[in-house]
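**Q** So the chains spell out like this:
Number of protein chains: 4
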Amino acid sequence: MIKTVEQYIAHLKDGREVWIEGEKVEDVTTHPHLRTAVEIGAMDYAITADPRFQDLMIVKDEKGEPYHFCLKSMETRDDLMRKRKIVQTTARTCFGLPAGAKFTGIDGLNSITAVTRRMDKNLGTSYSPYVEDYRKEMMANDAAVAVAVTDVKGDRSLRPSKQKQHKDFYLHIVEETKDGIVVRGAKSHISASPTVDDIIVIPTRAMKEDDAPYAVAFAVKPNAKGLIHIMAEHEVADDANDLDSPLAAHIYTSESLLVFDDVFIPKERVFLKGEWKYAGQFAYMFANYHRASADAYKSIENEILVGAAALMAEYNGVADAPHIQDKLAWLAWYAETTDALGRASCFDCAEDKDLNVVFPDPVYSNAAKFFFAEHYHQAIKHLIDITGGIVSTIPSSKDHLSPKIGHYVDKYLAAKEGIPTEHRFRMIKLVKDICSYFLQGVTLHGEGSLAAQRMSIRVTSDWAKYASAAKRAAGIREQSPHPAYSGLLNYPTWTWRTKSNII
Amino acid sequence: MIKTVEQYIAHLKDGREVWIEGEKVEDVTTHPHLRTAVEIGAMDYAITADPRFQDLMIVKDEKGEPYHFCLKSMETRDDLMRKRKIVQTTARTCFGLPAGAKFTGIDGLNSITAVTRRMDKNLGTSYSPYVEDYRKEMMANDAAVAVAVTDVKGDRSLRPSKQKQHKDFYLHIVEETKDGIVVRGAKSHISASPTVDDIIVIPTRAMKEDDAPYAVAFAVKPNAKGLIHIMAEHEVADDANDLDSPLAAHIYTSESLLVFDDVFIPKERVFLKGEWKYAGQFAYMFANYHRASADAYKSIENEILVGAAALMAEYNGVADAPHIQDKLAWLAWYAETTDALGRASCFDCAEDKDLNVVFPDPVYSNAAKFFFAEHYHQAIKHLIDITGGIVSTIPSSKDHLSPKIGHYVDKYLAAKEGIPTEHRFRMIKLVKDICSYFLQGVTLHGEGSLAAQRMSIRVTSDWAKYASAAKRAAGIREQSPHPAYSGLLNYPTWTWRTKSNII
Amino acid sequence: MIKTVEQYIAHLKDGREVWIEGEKVEDVTTHPHLRTAVEIGAMDYAITADPRFQDLMIVKDEKGEPYHFCLKSMETRDDLMRKRKIVQTTARTCFGLPAGAKFTGIDGLNSITAVTRRMDKNLGTSYSPYVEDYRKEMMANDAAVAVAVTDVKGDRSLRPSKQKQHKDFYLHIVEETKDGIVVRGAKSHISASPTVDDIIVIPTRAMKEDDAPYAVAFAVKPNAKGLIHIMAEHEVADDANDLDSPLAAHIYTSESLLVFDDVFIPKERVFLKGEWKYAGQFAYMFANYHRASADAYKSIENEILVGAAALMAEYNGVADAPHIQDKLAWLAWYAETTDALGRASCFDCAEDKDLNVVFPDPVYSNAAKFFFAEHYHQAIKHLIDITGGIVSTIPSSKDHLSPKIGHYVDKYLAAKEGIPTEHRFRMIKLVKDICSYFLQGVTLHGEGSLAAQRMSIRVTSDWAKYASAAKRAAGIREQSPHPAYSGLLNYPTWTWRTKSNII
Amino acid sequence: MIKTVEQYIAHLKDGREVWIEGEKVEDVTTHPHLRTAVEIGAMDYAITADPRFQDLMIVKDEKGEPYHFCLKSMETRDDLMRKRKIVQTTARTCFGLPAGAKFTGIDGLNSITAVTRRMDKNLGTSYSPYVEDYRKEMMANDAAVAVAVTDVKGDRSLRPSKQKQHKDFYLHIVEETKDGIVVRGAKSHISASPTVDDIIVIPTRAMKEDDAPYAVAFAVKPNAKGLIHIMAEHEVADDANDLDSPLAAHIYTSESLLVFDDVFIPKERVFLKGEWKYAGQFAYMFANYHRASADAYKSIENEILVGAAALMAEYNGVADAPHIQDKLAWLAWYAETTDALGRASCFDCAEDKDLNVVFPDPVYSNAAKFFFAEHYHQAIKHLIDITGGIVSTIPSSKDHLSPKIGHYVDKYLAAKEGIPTEHRFRMIKLVKDICSYFLQGVTLHGEGSLAAQRMSIRVTSDWAKYASAAKRAAGIREQSPHPAYSGLLNYPTWTWRTKSNII
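Chains as they are written, first to last, in our numbering: chain A, 1 to 503; chain B, 1 to 503; chain C, 1 to 503; chain D, 1 to 503.
Heads up, a few of these hints could be off.
Copies of the same chain look alike in the list, so a pair counts if it fits in one copy or across any two.
Below, simulated DSS-like cross-link-like pairs (lysine-lysine); rule was C-alpha separation at most 25 Å, straight line [unchecked claim]:
id: 1; residue 1: K136; residue 2: K411
id: 2; residue 1: K411; residue 2: K164
id: 3; residue 1: K398; residue 2: K24
id: 4; residue 1: K465; residue 2: K178
id: 5; residue 1: K24; residue 2: K208
id: 6; residue 1: K404; residue 2: K221
id: 7; residue 1: K411; residue 2: K24
id: 8; residue 1: K398; residue 2: K411
id: 9; residue 1: K13; residue 2: K353
id: 10; residue 1: K225; residue 2: K267
id: 11; residue 1: K85; residue 2: K273
id: 12; residue 1: K121; residue 2: K221
id: 13; residue 1: K85; residue 2: K277
id: 14; residue 1: K72; residue 2: K411
id: 15; residue 1: K60; residue 2: K267
id: 16; residue 1: K273; residue 2: K178
id: 17; residue 1: K404; residue 2: K167
id: 18; residue 1: K411; residue 2: K178
Calculated directly from the structure, the hints in this document are not laboratory data.
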C-alpha cells in the first residue's frame, strides 16, 4: 500500500517513550522540538501522494499492488540508480537531507537481506524467510523505517566482551526463550527513531568468538517495552525561527540515544543470534549501501553550500575578485566530484549472483564519502572566507524586524545595489547553519569516519593491479601479472640493455 | 588610578543605548545576555586587585601614581613582551579570550599614538597632544576601552564615496563646527562596546582624495547621543547553562553593530579629520599591534583545543591508536608554532625612532595569524575526528541530570574505565563549542582575513633578499646584491665553465 | 589503411630538421636520444598489427577499408568510451604514457572538425571540407599526428598583438598568397613532433580584433621548409640505462620547441585565417577532448605510482604500519577517483547535434584533471615518505653490478626477507623517476594549468542550480527557480512563521 | 689551529676507498664527480681565512690558540645562536647548503659529549674523557668531520638482533680485544664522508637488551682499513655544466653508503660499547642538535626557492596576477616561518646543568623541521605552477649557445621586456633543480622523517598544560592543575549554576 501523510502521523501516537532535554514527550506529533522530524518523515508520504513523483516513487508487486520503490530488493544497476535519484529528489525537497521515512532504514533492510541469504546458504540457518516476511509486512504497511547500528562502544580499545565498567556497551542477548530473545544495551546516533514505524538493529563491527552474544540483529517497534529514545540536545532554540536558523529549523533529524532496557524480540524478527563470524558482514553490507546513500544526498547538500558561497560573493560585491572566483571554482569542483563519484558507485555496482543482489561498488562509494568528508572543512572555510566575519556577529532577525531599530539593520547590512538586505541577511544565517558543529560531526562521522573509509578503500582496492603496473615499469618480471597487465606488447624494435629479469 | 570591580560596574550604568534580540537593554550590568561580557570586563579589575598579578599589571607614572601597564605607550621590546604576557595571562583566565576591558582598544590607542605623531611631523597638524591628553585621562580613570575599526562596507567592490545605495556605508563627517564634528555611519563586529568606558574609532582602509570625509578618527563615549549598540544574536540559549555550553557561556564578547546616527564629537577627541592619505595608516598600525595581540591569545585558545583533543582520545580509549597520536602531534605543533611565531613578532619588533614607538614585526605577526587561521579548520577537523559523531548527537545535560533517565545517560556515555561519565560529557560539550560557527568566523576574519594577511606579508617581506638568493644560485650577476648576499665568497679552487655573466 | 611498424619508421626519414642538445639530428630513427620516442610511436602500429587488439583498434569505412579508430570523428558516447579504452590500453603498454602516434594530434583533429563546422555554419566559410579531406588523407596513410597549441607567449600579461620585444611570440600570418599563407612564430611543449607524419596547429587562446593575424589554424608536415624542431634537454644521461632510469628511459616523449621560420602552408591545409572570434574555440574544444585524454592516461600512470608505493612499503617491511596503510589508502583513492571522474566525462558527454559531434563533459573532464594535478604533489610526497631517504642516495646500478663491490650493495640494500635486493633497487629507481621535475611539470601544466581548470569549471558549472538550492534553503522566493528546484513540495503540515518572502 | 684550504685538500689524499658509479676513485681531490664536494668542504677553510668572517668563525682557547667555533661545546644560548648564524652564513655562500667540513659532524660531536657525560655520571663509565680528548684533537687539527647515524635497517619492522636475512643490517661489534673493537655493518645517507678528516658513528635508534652488540658509538678515520665509501649515483651528467644544472652542480654533497667490513676501532675512540639503554639517547641528542641545524640552512634554501618563484613571476610577466601574488605571499610565509621557528629553538634552548650543555628546544626544532618538510611539496607545486610547463621542456644550454639555432631559443624563450632571455633561461634551470627528486628526498627524510618529527613533538610537548587548559574550560575540577593554570581567578561576580565539580 501507499500511506497518506495523515495515516503516517496517526501511527506515531503509540505510546513510544521519547525524552528530550530532560522532558518526556507526551505526543511526538505535537511536541515543538519534534515537528521538523515529523515533517521530514511525512514528506515521504506527501511525495508519493503527488502524481508528479509517482512514476519515480511507486512500483507494483506481482498482484498489481503499489508499494514504495525503496522497499524493493536491489537486484539491478537500474535499481541502484533509481534509488539514488529518489534520495536526491527528496534531499532537494528537504533542504539537503533525504526524507526520513525510508532512508537509513532501507540500507539496513538491504544489508539483512544479503547477509541472511549468505548465512542460510553457508550455515543452513533460516533467517532469510523472516527477512522476506518482514519486507512484505513493510510493503503492506508502507512503513517508515530506521536503522540502529552504532553501539555506544565504551572503551574503544576493547572488544564488546572485554569491556570493563560493564558489559552492556554493545547491545547483546541477555536471555533466550523459545519465543524470542531479550536484548540489553544502547545504540547511538540513531536518526529518526522517534518518528518511524519500524527499527532494524544490526551489529556495528566484526566480532570474535567470545563476543557471540553481541552478534545480534533484529527488528523492533519504536514503542516496544523497555525501548527508550533519548534525543540529542536540540540545536535550535526556537523551532519556529526559520529566519535565524533557516537550515537547522528544516533539517533536524532527531538523532537519539536508543536504550534497550531488556527488550523482548520475537524470534520471527531476529536475523542474527550468535553467529559471530557474520556480525561484521551486516555492518559491511550496510556501509556499502549507506555510503552510497550518503554520497547521493551530500551532493545535494553541497549544492546549497556552493550556492550560498556564490550568492554571498555576489551580495557582498566581490564576485569578480580573482581569489573569490578561485574558491567558487573549487567549491563547484567539490560538489560535482562528489556527485560523479557517488554515481559511479551505483553505475559500476558490484553484483552477488548467488544472493541475487547488487550493491554499490565499495571503492567508489568509499571514495565519494572520503572525498566529501576529507574536504568538508576546506569547503566551510572557503564559505566563511567569502561570507565575512558577519557570520559571527550578525544580529537577530528580531532586530531586523524591530520597528525601532530594524531600519538601521536594513540600512547598514545592505551591500550590493539591487539585493534586498533581507536576502543577504537570510543568506548569512544560512551560512551560519551550514558551518555548525552539527553538520561537521555528521559529515565526518555519519556513515563511518574517515578512518573507516580509508580501511574500506584499502581492503577493497585492486592491489594486484597496482603491483603489476609498478613491477612492469621497474622491469621486475612477473610469472602471472594482473590481467590488466597481461599480454601487453614490448617496445617493437629495441632490445633493452638489462638482460636479466626484464619483461 | 586602579579601579575596583565595583567601580567598573557602576560606571556602566550611564544610559547607553544597547539592543539585543529586538529588545532594548535597560541595564547592561544585570541583563542575563550581557553578564558574561560584564564578567570578562570586570576580570581586568579583579586581576589588578590581586597582589599576585600586580607586578605584571601595574606600573607607576612619574608622580608615583599607579596605572594599568596596557595604557602605557609601547617604547621597547620589553614593553611588547610584557603586554604579550598580560594578554596570555588574562586569556588563560578567561577561557581563551583576553579580558575585555583593555584588549582591542589598546591596540587602537597605540595606533592613533603612532600615526598622529607622524601626521603632526609631516603635516604640521596638532593631533598628537589630543592623543596624549586622552591617554592621560584613560590612565586617570583606569578606563575600559574598545576600538571600532571595520565599517559595514556595503558593496565591497566600491570605495566609500562611490557606494550606490547610500553614502553611509563607511563612517564619515556630515558636519563640522568650531567645537567638533558630527559623524554618521556604522561599524561592524565591535567587541565589548556595551561594557567599556571609551571607544576609539579609526578608519578601516586606505582612502583616496574623494573619500576625504571618510578619513576620520576619534574617541567617543558609549553613551553618546545617537550612538546605538545593536548586539549580535546571542549564541547561547540559556546564559547560565555552562554544562551544555561551557565555552560559549564563558567567552561571549558582545560583538555589536555600532550605529552612529549623527553623533557629535568634540574637537579634542578628533584624531583625523579629512587627511585621507593617512587613513590607511591607522588601519595598518592597528593591524600591526592587533595581529600580535591575537597571536598571543590564540595560542592560549589553542591550548584548550589541543587539550580537549588529547583528553577525548584518552576518554574514548583511543590514545594509543597511531593515527590518533599523529593527529595529536599535529595539534601540539599547531599550538606551539602559533606561540613561537607570535612571540617572534614581539621579540624582533620594528622600531620607529622618530615616533618613539615600537611595534610587532609585521611579517611575523601576520605569519602567525595566517598560520593559525589557515590551519584552524584542519584543527577542528582533527578534533571532531577524535571526538566522534557524539559531538552532533549528545543529549542535553538535563537528560544527564534527570532522576528518571540520567542513569541511562551516565551508563551508556561512559567510556574508559576510571573516567567519570560527567568528565566525558563535559568534554564533548566543550568540543562542540570549540567547533562553533562563531569561532570559525572569529578565527578567520578577526584581526583581518587570510587575504589581508597574505597582502601584508607580501608588501612587508624582503623580496630583494629572496631575489638575490635566487640570482646568485642561477648564476645571474647582480651589481648590488642584497646585503645578506653581498661579499659572499666563491668556491675556492674551481673556475666554473660558464664565462659570461657568472658571479 | 593500417601501416606496419616498418612503414611508420621508414616514413620518418624525410629530412626534417631536428636539434637536440646543440646537435642537428641526422636521422631521427637512429639517434640514441630519440629511440624511445620512436618506440612509443611505433607501438601504435605494433598494437594494430596484433590480432588481440584489432577489435579495439581498427574500424572499417563504408568501403570496407580498415583504418585506425582514433581517426574517426567522435559522434557517440560509445566513441568516447572506446577512445578512452584505447588510450588506457596504450598507456598500460607504454608505462603510463599513451602511445605517441595518435594521441594529442587526434584531440586537435576533433577540435578543428567541430569548430570549422561551426564557422562554416555561422560565417559561410568553407573550412570543414578541407578538414574532411585532411582526415581522409590521414586515414589513407594511417598517419601519426601531433598537435601544436601552446605559443611561447612572451610577456604573459600582453595579448599577441601587444607584445613589446617582437611580434612573433604568438604564431601568425606574415604573408598571404592565392595559394596559401606564410606563418612565423614558435610553439612550445610540442609532444612527438619529430616522430609523426603530420602536425595540426591551432591557436592557444581567445583573441581580440587586432590579434586577427594570430587567429590561424592549419596542418603542416614535419619536414616543411623553415620548420625547426628544437628538442627539450634530454632527461636521461644514458638512454639505454633502464636500470637507473626505468621510467625516464621508457616514456621520453620528445617535447620540442617548434619554430616556424616563415613556413608556407597551402590553402587546402588552412583551417582558420583571421576569424579571430573563433580562435578561442579551437583551444577550448581541444581542451575538452584533451583533458579527457589526459584523465585516461593519468589514471594508468597513477596505477604505477600506487603500485610503487605499495611495493616499497612491502619491501621495506612497513606494510603493516598504520600510518603507511593510511597513505596507501589515500593513494588508491587518488588513483580510483581520477579514473571515475575521467570516465564520467566520457559517459556523460556533451553533444552538439548541429555539428554532429560529441565531446567530454567539460565539468567532469576538468574536475578530473584538477583532481589529479591538485593532489599530485601530495601523492609524490607520500611516495617518498614511504620509500625513504634512499631515493636521494641510492648508488648507481654500476655499483650494484660491480664484481668488486656489488656484493656490498646487494647485502646492505636488502630489506624484507624473500625480496631480491634487485627488486628493491629497481623499485627505488622507479620512485626516483616518478618524482622527477619532468613529471611534476607535465602533470601540473600538461593539458592546461590548475588555473585553466578552475576557469573552465567556473564557466561551465551550473551556477543557477546552486543559486536555487541556496535560495530555497535560505527562504528567498524565486520567480523561476532552476528546473532541479522547480515544483518541489513544501513541508506537508507546518506553516512557517516567517510570512514574507518565504517559498 | 685554523687550517688553510690547501692543507685541507692535501689531507684528503690518504688512500681512502671511495667508489662512484662502479668505479674506484683514485684521488678524491681530482675526480670530477667529487669536485663540488671538495669545494664545499674547502669553503669552510676559505671562510675562516677571510678576515671579514673571522669574528664569527674563530674563537681562542685558554692558551690563546685559535680554533673553529663549531668545535666548541655548546654551553649557552649565545653559543647556539652563533652556531645558527654560522650555518646560515655558509649556507648563503654554498647555495642553500651549509659548508660540509663541520656541519653534520658537529651535531654528532655535541651528542656524544652530552650522552657520555650522562653515562659516566649514571653508570660510572669513563667515556667522556675520551670524547674530550677527541674534541681537543679535532681543535688541534681543525678537522673536517662527518657523522654516520642511519643504519641500512633491513626489514624496518624488525629490531637489529631480530633481522632475518643476516645480522649486519645494523652496525655492531663482532669482536672485542683489549685494544679496541671490530665493527661490521653499513650506514646509509652519509653526507661528506669521502671529504672529511674524521667520522663520528652513533646508533640510529633505541635498542633492547638483546640488541646490546648494536649499541656502539665511536670515531673512525675515512681511510680506515675495511671502510668503503660507495657514493650515491651522480645526479649531474656533466659536473661542469652549471648552466643546465645550476643548483645540482653546486650543492652535491656526496652522500654515501658507508660499509664497515670488519673495521678496527681503538678503545680511545669508542664512546658506547653495549650500554644498550643509552643507544637511543645518542640518536635523540643528535636529532635535537641536527634538526636545529637543518632548520637554519633550510631557511636559506627557502630564500632561493622564494626568490626563484618571484623572479619567474616577474620574468613571465605575471607578477601582478592576484593568484600569483597569493602564491608568492604563501612562499614568503613559508620561508619566514621556517626561520622564526628555527631561531626560537635556539633562543629558547633547553639546558642540562648537570651536564653543562644546552641544546635546542625539542618542540620548536621539530616544529620547524616538520613545518618545512610538511609544506615542501606545496612549495615546489607553487613554484612549478608559477614557472610554467617550460620547466619540463626547456632545451639544453647547448641549444641556446648554438651559433646555428641559439638565436631562435633566444628570441622565443624571451618574455618580459628588459629581461635578458639568458636570465629567464637560467632561472628555469634553477627551478628544475629545486624540484628534483634529490631535494624532495633530502627535505622529507634528512634529519628524520615526518613521522620522526611527529613522534618527537608528541613525546616532548607539555600535555599536562593542554589538559589543564581543557579541563578548566570544560568545568572539570583538578586537584593540581599545571602551573600555567594554577591560581587563576574565577569570574568576579557570578556564581555559576553547576554546583558540583566546577572550579
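**Q** If a hint holds in the structure, say so; if it does not, say that too.
**A** Taking the hints in turn, this is what the structure says about them:
no., hint, in the structure
1, K136 <-> K411, "neither (60 Å within a copy, 37 Å between copies)"
2, K411 <-> K164, "between (61 Å within a copy, 12 Å between copies)"
3, K398 <-> K24, "between (30 Å within a copy, 11 Å between copies)"
4, K465 <-> K178, "neither (51 Å within a copy, 57 Å between copies)"
5, K24 <-> K208, "neither (38 Å within a copy, 60 Å between copies)"
6, K404 <-> K221, "between (52 Å within a copy, 22 Å between copies)"
7, K411 <-> K24, "between (45 Å within a copy, 19 Å between copies)"
8, K398 <-> K411, "within (15 Å within a copy, 41 Å between copies)"
9, K13 <-> K353, "neither (42 Å within a copy, 57 Å between copies)"
10, K225 <-> K267, "within (16 Å within a copy, 77 Å between copies)"
11, K85 <-> K273, "neither (35 Å within a copy, 48 Å between copies)"
12, K121 <-> K221, "neither (28 Å within a copy, 67 Å between copies)"
13, K85 <-> K277, "neither (34 Å within a copy, 40 Å between copies)"
14, K72 <-> K411, "neither (55 Å within a copy, 38 Å between copies)"
15, K60 <-> K267, "neither (29 Å within a copy, 65 Å between copies)"
16, K273 <-> K178, "within (13 Å within a copy, 71 Å between copies)"
17, K404 <-> K167, "between (60 Å within a copy, 22 Å between copies)"
18, K411 <-> K178, "neither (73 Å within a copy, 30 Å between copies)"
Hint compliance for this structure: hints 1, 4, 5, 9, 11, 12, 13, 14, 15, 18 are broken, all remaining hints hold.
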